[in-house]
Amino acid sequence: MTPESNLTGQDTTRRHIEHFVADLDETPLQATDKVKEDSAPSSLWGEAWKNLRRQPLFIISAIMILAVVVVSLFPGLFSQIDPSNEACQLSNSDGGPASGHPLGFTQQGCDVYARVIFGTRSSVTVGLFTTIGVVLFGGIVGALAGYYGGWADALLARLTDIFFALPLILGAIVMMQLPVFRANRTVWTLVLILIVFGWPQIARITRGAVIEVRNADFVVAARSLGVSRFRSLLRHVLPNSLAPIIVVATISLGTFIVAESTLSFLGIGLPPSVMSWGNDIQAAQASLRSNPMPLLYPAIALSITVLSFIMLGDALRDALDPKARKR
Amino acid sequence: MATYILKRFLQLIPVFLGATLLVYFLVFSLPGDPIAALFGDKPVNEAVAAKLRAQYNLDQPFIIQYLLYLKSIFTFDLGQDFSGRPIAAVLGEVFPVTARLAVMALIFEAVFGIAFGLIAGLRKGKFFDGTVLIASLIVIGIPIFVLGFILQFFIGVQLGWAKPTVSAAATVQDLILPAIVLGLASFAYVLRLTRTSVIENMNADYVRTATAKGLSRFRVVNVHILRNSLIPVVTFLGADLGTLMGGAIVTEGIFNVPGVGNRLYRAVLSGEGPTVVSIVTVLVLIYCLSNLLVDLLYAWLDPRIRYDS
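As you go down the protein sequences, you meet chains A and B in turn.
Residues in the first sequence are numbered from 953 upward in steps of one, following this note's numbering.
Residues in the second sequence are numbered from 7 upward in steps of one, following this note's numbering.
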């Protein structure tokens, strides 16, 4: 092998790799400089996921939410007893725990355990679909207001303020007493009404997040490359303002479940024929002093469900907010 | 500052008009006849119904109805409820009770929320901090009517420490338990807000300077950390007053408090449109004014904030 060929061989490799700094193994800082060059660039979501996996709060709340969703989808797996009002035996009224009925009976003689299991579905349905509706509607209003600014912003912000001035429960109570809604009280009526009074919060959050992102360099770059305004909103601004929206939506889901059970508890939510925790708590209220268990168990189920969504939101906030993580 | 106040005040007007218009529309204009509903299962007496409609201007076109209603608000002549009592007198009876309840709840959440939040913030990451954080999450997670029943059952009935229900006079003593229930959720928010704010301020330069000057720990915490941490907390408390007044429906129902929420709920169930609209209007007004107050308070507390631009 001649020295010449050796040199040329080295040259070709050098040209390929293009080192701008000394080789890693030649510097005293090799430990700190050791960057995996072939690893994918980490995104906000990747970082968040790495952070979340290590958080006990996230793991606990995720498992609890998964359990609640499974129960609401397949209640039959957890209880074979028919807990509807017609199937209950009045002879069991206010009975304590018995074989096959671990939590005792309600005043109507229904199995408390089965009612708690079968009541899950209405809470989860109302919470989930109200959140979807609120995020869609509030998100559109907030994104348009924040992105376009000017008179559209002024108009939409005032509209948001108007609905904000009416508290969720207050507005829902006034609306539920209207004969149209009183005549057909279903899960879907409740979803509709909660969307009508629940969207302003998401609208405000989205507006703030969009305003923060809309003048970022990558949006300006996209616009200079000829991407249309609307397309840059969809492709560049919105995906980068999702984090606070997801956090607030998760916590709101818990709030909407509470709102449903509160309305049912007040007697103007779901009709008594529909199994729901709010209805069960309302029914057990009369005999609270003699037999508190039928009130306690649905209340515990309700609280745990709401709590897990609030905990999930809390964990997501910590993971998605890099500013807070540094502290 | 003066222009800012004026601007904020002018912004209130469309919000107030819009919210009252919305409620008025919901109560009086959607399908279903509130007057016919008054007769319940009995056949509608057309003569009486027509007289009632004229009395509440329900025979007029919607927008005229609304304008007449606005006129009646600004002349404080709110008319009568369906049982013939002047609505202004009903409001004068129920609002002081709820105001007392809301202020008591506010004092509770402010005193305990700030105290616990400060201690938790100063001991960030320690046992007390962790316990308080989890406890506050649980308090936020439990719906207010569940909390109400649990406290009513254990403290009011089992232990007998407080009266489980409220007398007609609704004295301060009667309202202690309901005020705690009403304020518990906000208490948890105040606690978390104070804690975050304290942690943020503990690392501020002026705190380090104060410590380096040799000031006592007590003075650094009370004057330098706490005062600066209270700015967001005070604004939250201001806005919460309006929320507490409007959110007292459930609490008042459980403890049988003769306040706004109770009256509103009964008015909604019996379809008393004029009473519902009047109460909601006052609540919206309180909400708007307390928000305005918060904005002004913010500017006054934190001179770094300038509203001139």
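No lab work stands behind these hints: they were computed from the structure.
Hints are supplied without guarantee of correctness; some may be wrong.
What the hints assert, rightly or not - To be clear about the criterion: a stretch of chain A counts as covered by chain B if any three or more of its residues have a C-beta under 8 Å from a C-beta of chain B, and this derived list gives those stretches:
| hint | region |
| --- | --- |
| 1 | 1024-1033 |
| 2 | 1106-1118 |
| 3 | 1124-1133 |
| 4 | 1162-1175 |
| 5 | 1179-1190 |
Claimed, not checked - A short, non-exhaustive set of chain B residues, derived as facing chain A with CB atoms under 8 Å:
| hint | residue |
| --- | --- |
| 6 | Tyr-72 |
| 7 | Ile-146 |
| 8 | Phe-155 |
| 9 | Leu-295 |
For clarity, every value in this text was computed on a predicted model and none was experimentally measured.
Quick reminder that beta carbons are idealized off the backbone N, C-alpha and C, glycines included.
Do three or more residues of the region 1124-1133 of chain A come closer than 8 Å to chain B, measuring C-beta to C-beta? holds (count 7)
Quick check: do three or more residues in the region 1162-1175 of chain A have a beta carbon closer than 8 Å to a beta carbon of chain B? violated (count 0)
Do at least three Cβ atoms from the region 1024-1033 of chain A come closer than 8 Å to Cβ atoms of chain B? violated (count 0)
Holds or violated: is there a CB of chain A closer than 8 Å to the CB of Leu-295 (chain B)? violated, 11 Å
For the region 1106-1118 of chain A, do three or more residues have a beta carbon lying closer than 8 Å to a beta carbon of chain B? holds (count 7)
Given Phe-155 (chain B) as an interface hint, is the shortest Cβ-Cβ distance to chain A below 8 Å? holds, 6 Å
Taking 8 Å as the limit, does the beta-carbon of Ile-146 (chain B) come near enough to a beta-carbon in chain A? At 6 Å from the nearest chain A Cβ, Ile-146 (chain B) passes the 8 Å test, so the hint holds.
For the hint on Tyr-72 (chain B), just tell me whether its beta-carbon gets within less than 8 Å of chain A. This hint is violated: Tyr-72 (chain B) lies away from chain A, its Cβ roughly 14 Å from the closest one there, beyond 8 Å.
Please count how many residues of the region 1179-1190 of chain A have a CB within 8 Å of a CB from chain B and say whether that reaches 3. violated (count 0)
In terms of the numbered hints stated before, the structure departs from hints 1, 4, 5, 6 and 9, listed from lowest to highest.
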